[in-house]
Amino acid sequence: MIELKNISKTFKVAKRNAGFTEALKALFKKEYALIKALQDVSFTIGDGEMVGYIGPNGAGKSSTIKIMSGILTPDSGECLINGRTPWKDRINHVKDIGVVFGQRSQLWWDVPVADSFDLIKDIYKVDEVPFRKNLNKLTELLDLGEIIRTPARQLSLGQRMRCEIAASLLHNPKVLFLDEPTIGLDAVSKIAVRDFIKTINRENKTTVILTTHDMQDIEALTERILLIGKGRILLDGTLSELKKRYCDHKTLTVDYFGDILPACDHMTVFKDLGGHAELVIDTSFLSVSQAIAYISGVVDVKDMSVVGETAEEMVVSLYKEFKI
Amino acid sequence: MRLYLKYVSMILKCQMQYKASFIMTIIGQFLVSFTSFLGVYFMFSRFNSVYGFAFSEVLLCFSVVLMAFSITECFVRGFDVFPRLIKSGDLDRILVRPRNEIFQVLTSNIDFSRFGRLFQAVLMLVYAIPASGVVWTFEKAAAVIFMLIGGIAVFSALFVLYAGISFFTIEGLEFMNIFTDGSREFGKYPLSIYGEGILRFFTFIIPIALFQYYPLLYIIGKSDNPTYIFLPLLGFIFIIPCYLFFKFGVRKYKSTGS
Numbered sequence: 474m475i476e477l478k479n480i481s482k483t484f485k486v487a488k489r490n491a492g493f494t495e496a497l498k499a500l501f502k503k504e505y506a507l508i509k510a511l512q513d514v515s516f517t518i519g520d521g522e523m524v525g526y527i528g529p530n531g532a533g534k535s536s537t538i539k540i541m542s543g544i545l546t547p548d549s550g551e552c553l554i555n556g557r558t559p560w561k562d563r564i565n566h567v568k569d570i571g572v573v574f575g576q577r578s579q580l581w582w583d584v585p586v587a588d589s590f591d592l593i594k595d596i597y598k599v600d601e602v603p604f605r606k607n608l609n610k611l612t613e614l615l616d617l618g619e620i621i622r623t624p625a626r627q628l629s630l631g632q633r634m635r636c637e638i639a640a641s642l643l644h645n646p647k648v649l650f651l652d653e654p655t656i657g658l659d660a661v662s663k664i665a666v667r668d669f670i671k672t673i674n675r676e677n678k679t680t681v682i683l684t685t686h687d688m689q690d691i692e693a694l695t696e697r698i699l700l701i702g703k704g705r706i707l708l709d710g711t712l713s714e715l716k717k718r719y720c721d722h723k724t725l726t727v728d729y730f731g732d733i734l735p736a737c738d739h740m741t742v743f744k745d746l747g748g749h750a751e752l753v754i755d756t757s758f759l760s761v762s763q764a765i766a767y768i769s770g771v772v773d774v775k776d777m778s779v780v781g782e783t784a785e786e787m788v789v790s791l792y793k794e795f796k797i
Numbered sequence: 007m008r009l010y011l012k013y014v015s016m017i018l019k020c021q022m023q024y025k026a027s028f029i030m031t032i033i034g035q036f037l038v039s040f041t042s043f044l045g046v047y048f049m050f051s052r053f054n055s056v057y058g059f060a061f062s063e064v065l066l067c068f069s070v071v072l073m074a075f076s077i078t079e080c081f082v083r084g085f086d087v088f089p090r091l092i093k094s095g096d097l098d099r100i101l102v103r104p105r106n107e108i109f110q111v112l113t114s115n116i117d118f119s120r121f122g123r124l125f126q127a128v129l130m131l132v133y134a135i136p137a138s139g140v141v142w143t144f145e146k147a148a149a150v151i152f153m154l155i156g157g158i159a160v161f162s163a164l165f166v167l168y169a170g171i172s173f174f175t176i177e178g179l180e181f182m183n184i185f186t187d188g189s190r191e192f193g194k195y196p197l198s199i200y201g202e203g204i205l206r207f208f209t210f211i212i213p214i215a216l217f218q219y220y221p222l223l224y225i226i227g228k229s230d231n232p233t234y235i236f237l238p239l240l241g242f243i244f245i246i247p248c249y250l251f252f253k254f255g256v257r258k259y260k261s262t263g264s
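Going line by line, the protein sequences match chains Y and B.
Those letters in the first sequence? Residues 474 to 797, by the numbering used here.
Those letters in the second sequence? Residues 7 to 264, by the numbering used here.
If we strip away everything but chain Y, and leave its shape as in the complex, we get (with noise of 0.2 Å):
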């Protein structure tokens, strides 16, 4: 269980003009710049809940994940996690949990990953019993076998990321934050670690935190959507509902032997060429099958595709909605 209750935290940035003139004064006399990353931020997150927490850069999702993982400490506000506050007792908290960072390596550059997550083992404890059932266990989940005996600077990227994940979860964490894990991976990567995450969800009852700039990942794994902007939790609800709330227009392309293509209630022409025609359709009231019925009643269909609003683009009116 994951409380947040008013949550604010504020930096103090330095600030100057670029210029070696600037930089020199700057020397002497520094202007600052509070930036208030976090503003009353307040949510609470079930056992086994796989959660989505997005946001533009520099919104806040990173802070809040450090908060959440007994990095930062903010400047005030409550935070429960399992019943302890992090920054109050993070010995014993971060135990129960497993963070992976996307763009920071937890492993030991220069020997092989196993020997790092042999020392893993012993930071956290990890009894030899459950440790080898459960590097087994992640091994083969992962696809990690020959990986696991190379040095982790000789990995690739997707290589490493799997590796960090492995090396995030071989204590068996409750709470599992994962930082942009997709980052820069090529689409079989991201796929196996998508449906690692899943897997683990799902099998462990693991409570997964997941930010992201991918809505892929977002649109393969969580059902709930955390929306932060300006340090503001400005949404929290679920991807279908928000689907139905942005994603109410569905273009259709239609290719057709005639002359014109009259539209019908709900539909409006955005383009009509004679022969090629581009409807848009209001899904609220006019449902794709309805609309493909009424097309083919009235023209010789040659060809048909339909587009809806991609995630993507959802996002984005989303953000111009709440103007981050």
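Worth flagging that the hints you see were computed from the coordinates, not collected in a lab.
Among the clues, some could well be false.
[Unchecked claim] Straight-line Cα separation of at most 30 Å, BS3-like style, residue types lysine-lysine; simulated pairs:
| hint | chain 1 | residue 1 | chain 2 | residue 2 |
| --- | --- | --- | --- | --- |
| 1 | B | K258 | Y | K598 |
| 2 | B | K258 | Y | K703 |
| 3 | Y | K647 | Y | K561 |
Could you slot chain B onto chain Y? The hints should help.
Okay, now just chain B, sitting in the frame of chain Y:
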């Protein structure tokens, strides 16, 4: 402790990956401290004594300070390069692991190439022990050992203090090197030669004289005060404020972006 040894073997494995570089650095370390030994040697070949201290007596002092410093630099290296941990964001990784922060910073970096310097210090000490003309007793031998332990304590505390300051500046403050590398360099000579003011500063503010000057006086027979034997152990008290300051820094930690 078992975990510490595991870390040590891990770091050793990592450093051994680059064998040539590792060995060259050890040799380099040896040569650097050897030149500073030559500096002392040539000075004494012109002047027979400095403020009443003979060459072998200075060498005794120099070797113990260098030994304490190189041991500290080897095992407390994590604090010496602490600004790097902050800048690279590796401190975040340390904070999400269920172990004490001090322990993890210590094990983030152990620099075995400092053994080159340590080797130099051992050679000097081996030479200075018979050459100093000291009549060795149990008390005097204990004083040397306490000098070494106290020295490690004070240098470690300085490194921790240095790391604590870098929480507030991100960049390490170069002036702090006056107290870390600098005290190794002044520490070559008994601190009294620099004058009364400096001696007081290094007794009461940054307690380098506690492990360097006072026990040396006792060992070479310039003082009969037996409390001087135990004075180096007071250096451990200096760790407390430095540690608290570091802890305070962790609370104020800002982390880097991403």
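Is the hinted pair K258 of chain B and K598 of chain Y satisfied, with a Cα-Cα distance of at most 30 Å? holds, 29 Å
Between K258 of chain B and K703 of chain Y, is the straight-line Cα distance small enough, at 30 Å or below? holds, 22 Å
Take a quick look at whether K647 of chain Y and K561 of chain Y sit within 30 Å of each other, Cα to Cα. holds, 19 Å
Consistency with the previously given hints is maintained throughout, with no hint failing.
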